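Below, each chain spelled out in residue letters.
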Amino acid sequence: MAASTIRVATDVGGTFTDLVCFETDLVTGESRLTTAKVDTTPPDFELGVLNVLAKGGIDPKAVDFLVHGTTVVINALTERKGVKVGLITTEGFRDSLEIARGNRPDFFNLHYQKPKPFVPRYLRRELPGRITYRGAELRPLELGGLPAILDDFRAEGVAAIAVCFLHSYADTSHEKAAVEEIQRLWPDVSVVASHQITREWREYERASTTVLSAYVQPTAERYLSRLAAGLSAKGFRHSPYIMQSNCGVDSLESVSRIPITMVESGPASGFWGAAELGKLIGEPRVLALDIGGTTAKCSLIENGEVKIKTDYWIERDRTSSGYPIMVPVVDLVEIGNGGGSIAWVDDFGKLHVGPKSAGAMPGPAAYGRGGTEATTTDANLWLGRINKDYFCGGEIVADMEAAEAALSRVANKLGVSIDEAARGIIRIANNNMVNALKLVSLNRGYDPRDFTLVVFGGGGPMHGVALGKELGVKKVVVPAGASVFSAWGMMMSDLRRDYFVTRLADLRSGAAAGIEAVFADAEDQARAQFGAEGVDGSRLSFKRYGKFRYQNQEHTTEVLIESGTITDARLGDIEATFHDTYEREYTYRLGAPVEMVGIHLVASAEVGKLTMKERAPSTASSEVALKGHRDVDYALEGVDRAAIYDGTRLEPGMAFSGPAVIEDPGTTIVVHPGSRGAVDGYGNIHIELIGGDRK
Amino acid sequence: MTTASDDPITLEIIQNSLQATADEMFAVMKKTAMSSIIYEVLDMGTGITDGEGALATSGAGIPAFVGMLDKAVKVILQRHGQPGDIEPGDVFATNDPYYGGVTHLNDIIVAMPVFVGDRIIAWTANIAHNSDVGGMAPGSLSGNATEIFQEGLRLPAIKIISRGEPIRSVMDILKVNSRMPDVLEGDVWAAIASVRTGAKRLVELADKYGVETFARAMASFMDFGEQVSLRELKTLPKGSFAFSEEQDDGRIFNVKITIDDTAFTVDLRDNPDQSRNPVNSSRDGVMICAQMIFKSLTDPYSAANEGSFRPIRLLTRPGSVFEAIEPAPHGFYYEVELRVYDLMWRCLAPHMPDRLAAGHFASVCGTFIGGIHPDTGRQYTIIEPQLGGWGASRTGDGNSAIFCGFHGDTFNCPAEINEARNGLYVDRMELNMEPGGEGKFRGGRGIVMDYRVRADNGFLTVGYTRSKFPAWSLDGGHEGSPNYVRYLGKDGTSEHYAFVTGLTTHTDDIIRVITGNGGGIGDPKERDRALVAEDLKNGMITPETARDVYGYVR
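Those protein sequences? They're chains A and B, same order as listed. For the first sequence, this note's numbering puts the final residue at 695, and the numbers step up evenly by one. For the second sequence, this note's numbering puts the final residue at 1554, and the numbers step up evenly by one.
Among the hints, erroneous ones may be present.
[Claimed, not checked] The following residues of chain B were derived to be distant from chain A, with all beta-carbon distances above 12 angstroms:
id : residue
1  : Gly1051
2  : Arg1317
3  : Asn1457
4  : Tyr1487
5  : Gly1489
[Unchecked claim] Derived coverage of chain A by chain B (criterion: at least 3 residues anywhere in the stretch with Cβ under 8 angstroms from a Cβ of chain B; other residues may be distant):
id : stretch
6  : 87-95
7  : 104-110
8  : 343-353
9  : 547-553
Hints in this document: simulated from the structure, not taken from any laboratory. The model shown is predicted, which means the values in this text are computed figures rather than measured ones. Just so it is clear, CB atoms sit at the ideal spot from N, CA and C, and this is done for glycine as well.
Let's have the full structure, built from the sequences with the hints guiding it.
Written out as structure tokens, the structure is:
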């Protein structure tokens, strides 16, 4: 019997393939952490994964649990590198994909360009047949026209077929029949029906979701099967789990069929990690912020739970209506503000930061790779917040001349000193992020003062304390290994599926049996799906949420329903919870009747997640980690002499006070004056904010 | 380091926060409203004014509502001028075009003064279309109205909440006057929640940075808006441009626009007298049209505020269709405003080819369908604008199936929701393949939507323009196609409508909504052959059209 369990997370990004490995000693319960990074190897991505395992000195034969995160789906979508898709839909609705919702977000712009549909009109075809919103058959499905449609699709080189019929969320029989017939007539083609992905209403959103899943399916399946084959050839004895957008992992087989659920898996694992971290350290209410090179993403966690929604769009912003993907995705707000975001001055002398980014190439001016535009990172360097002699963990020699030249261009346009310009960049960037954090908190009726801010990603720890002060949070926590925190989150994930089903019901006596039946059906479906993959029903746990609203409203409020059979006697309590939740979010409540619009069922099973063990406090003082002192400009608080600590030498139990900066190879933590930090038993740094802000 | 109060970065941060606040107010309203025209169509807007009612920033929503809220706040201030008239916690409402309401009685503006101490530092305001405010017809709009009194309950800039407490008598009057009292109540409360949320944020901002700095940020934002407008104004062609156009109803509308380095003057004095029918506009309403076209010409990408519109001069004649006086009815004001907006656009398009495309379907195509839901027995009312085709530009084809120039980030109603909520069938929703809009670059396609009625004794009201004279073209392109309703009775009858009020509907009748294609630009024979082939393959044109209009030989 092995003396340890080895858990590995690999993450394929655009530039790098990352690895995080925890080897847990079965006797002591202690884990040893290994990280490694190699170049991503397109188009043979599995090579990068094997390379990174080799670089980390990990033998695939010995690995017990491997979870894999990849951007293959989002990349195929944004780079338009999917396959040719044919859409089959209900008679009268072939243009639904092109009509979309008709909105014009950029409304004063008379040259607005509506996003082009992923399937051109000649590949959008119709079949007669109609289901009602209550799931009854109004007109039988006629499949007579199908062979001719498939002939056309073959002739046009279609490689995947999407099927989406009206009201299939209420009754799936027509879609099932069409898929069976397509498979019979054309066994090799990739085909997916909308009900296999979502059971929610809105025909355009469902059609778009189905089309985009079909568009990436062959690419994703090839990717995943090569990954599995590559790992297996090296002796890996299990099947890898794949990170999902709903913060769970899913089996490789399941994801290969419906890969679209991976679309936003990158940020999901970090937010899941923040929720798990919160549970570990006794902080159930967390504001999580992930600052990367080009964007910052944030999410709110309440009672240790991430919020999962199906209102997700790609390429949607103030200038474009984008494309909807109705799959369970962690509720997040993303803004174009990262370490590489470019600072610029408009014609009216106003300073902006982002959303344009210097990316990895040329990167910030201080990378010395020819970048001439000032970025947030350059400003952080200039102000002494980042150590110019330990830039990127000492891997890059900071080109301070280039940074100065870039910043002075901004300063000249503003008519201020370079210091002033650099402070301005930090303040504008911070303000952008504060607004994003307010969107997920205040905007939804939550007071940030009741939350702990958890910051991670390369840039999170640099800005976290300033943001925390601005929002008035209780404290800021920088997790151990903040720069690879997403991979840690993957390791903490469960096998999880979210089932959303639209079903209307008035919340009044007599309704309980129907509501219970919808949940029970979804639970049966979950048991069957998990069972088919060898996960026994007894290992499954369920969480039931109802989506409620006042009659005549459209948008719903999700309410957790305590476990146990739903009976008419319980409806009163459920309704009361809805009123409370609604009032918290919107400041008032009504006496109007309440109706249920649908359910959200979370089914999950633990599949070998990591258990963390707390280390005993060190008896040494943080003095042992003190590297020296330097002047650091804290923007609003001005310049202060800061203590500089070596993060790798900080041990559990050590404490320190701001002004300070903690440096380790992946992260720089900027600790503002008047705040106090301490290292917990897991190596996380907790920073208490004292004294409030100085103006 | 400069002090925080005159630091440009601080001002910038306050300005960003104002926009974020208006956006948050918008989100609150959208999520809590009870009328689909608010939560789905988003026929609403939010905004923030300074203490005197000058627009500081607009939220999202529809462009036709952007410049409206300031006008309401100014009237509220004027009518509550005595000390003690306006107190912390108060909320006001107006819906009357003769009292700062600008549009028609369905649109209720809710506004809240934001106090710091005893000083009003700003107003948060919100406008939304309410489904029914009483009057002679369900949905309150009737083509038969001859006086505003027939169009619903009039709220002449009144107080509805006093020091945080709803004035029950006023709320009762509001509610009892609606055919859909619960919905009206829900929507008004959604609006109140929205302005309260905004007010709370503004107080936090002013507390944090100080009232003086807050006020200075608003003022500098407006000056900034004016600078942008003036700079862009200089790049427009100078001179006087005039245009006359016959309308579907036979009226001739005239406009003269004069552009110089500092002013954009729109002269609408030479126009018909106001109508006895509800096809009139207030002067404020016409001003908004001028603001919209001006904003699109000068700075379409940033938020609008009072300063953005300072260079506009508007000339109208009291008693005319563009400055109607009491008691002229206003129900279909939006079609009149769209006509004058389109008139200004068409007047300038030949002179600004890079900024202005050919004409679009240019009608809200407001469609009102009501009756009893056969499955629930409850009354339903559909109030929806329609999607249509936009005109070709010098660089490409027009968009198909998007909302007209008056609407913005507005969403159509999915057929699946429509069928569940309203108890009728949507038999189809597809692109309109009627001829029209051909050109070197072609107009976008309108839509065809069939509503099949499932119960007897419902009603249909519509008011479409550009039904007789379709979207205009440029440089030899073809005109678009008309907006209309084809009513197909189960009994085999077929009727054509552009304006109809309270038509009784029956089971299995089909209401076919058809919206126009946008206008084309340039000779169709000059169209890129590859594009013609693609259109043909996509079934966007017939082989006959390809051959006869585009001169296409395979």
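Checked hints:
Listed as a non-interface residue, Gly1051(B) keeps its Cβ farther than 12 angstroms from every Cβ of chain A; the least gap is roughly 23 angstroms. At roughly 28 angstroms, the least C-beta separation between Arg1317(B) and chain A is larger than 12 angstroms, which holds for a residue marked as non-interface. For Asn1457(B), the non-interface assignment is confirmed: its Cβ lies about 21 angstroms from the closest Cβ of chain A, beyond the 12 angstroms cut-off. Every Cβ of chain A is farther than 12 angstroms from the Cβ of Tyr1487(B); the closest lies at roughly 18 angstroms, confirming the non-interface assignment.
A cut-off of 12 angstroms between C-beta atoms confirms that Gly1489(B) is not in contact with chain A; the least separation is 20 angstroms. Counting residues of the stretch 87-95 of chain A whose CB lies closer than 8 angstroms to any CB of chain B gives 5, so the stated coverage by that chain holds, three being the minimum. Only residues whose beta carbon comes within less than 8 angstroms of a beta carbon in chain B count, and the stretch 104-110 of chain A has 7; three or more means the coverage holds. Counting residues of the stretch 343-353 of chain A whose C-beta lies closer than 8 angstroms to any C-beta of chain B gives 5; at least three are required, and the coverage claim holds.
Proximity of the stretch 547-553 of chain A to chain B, defined as three or more residues with a beta carbon under 8 angstroms from a beta carbon of that chain, is established by the 4 residues found.
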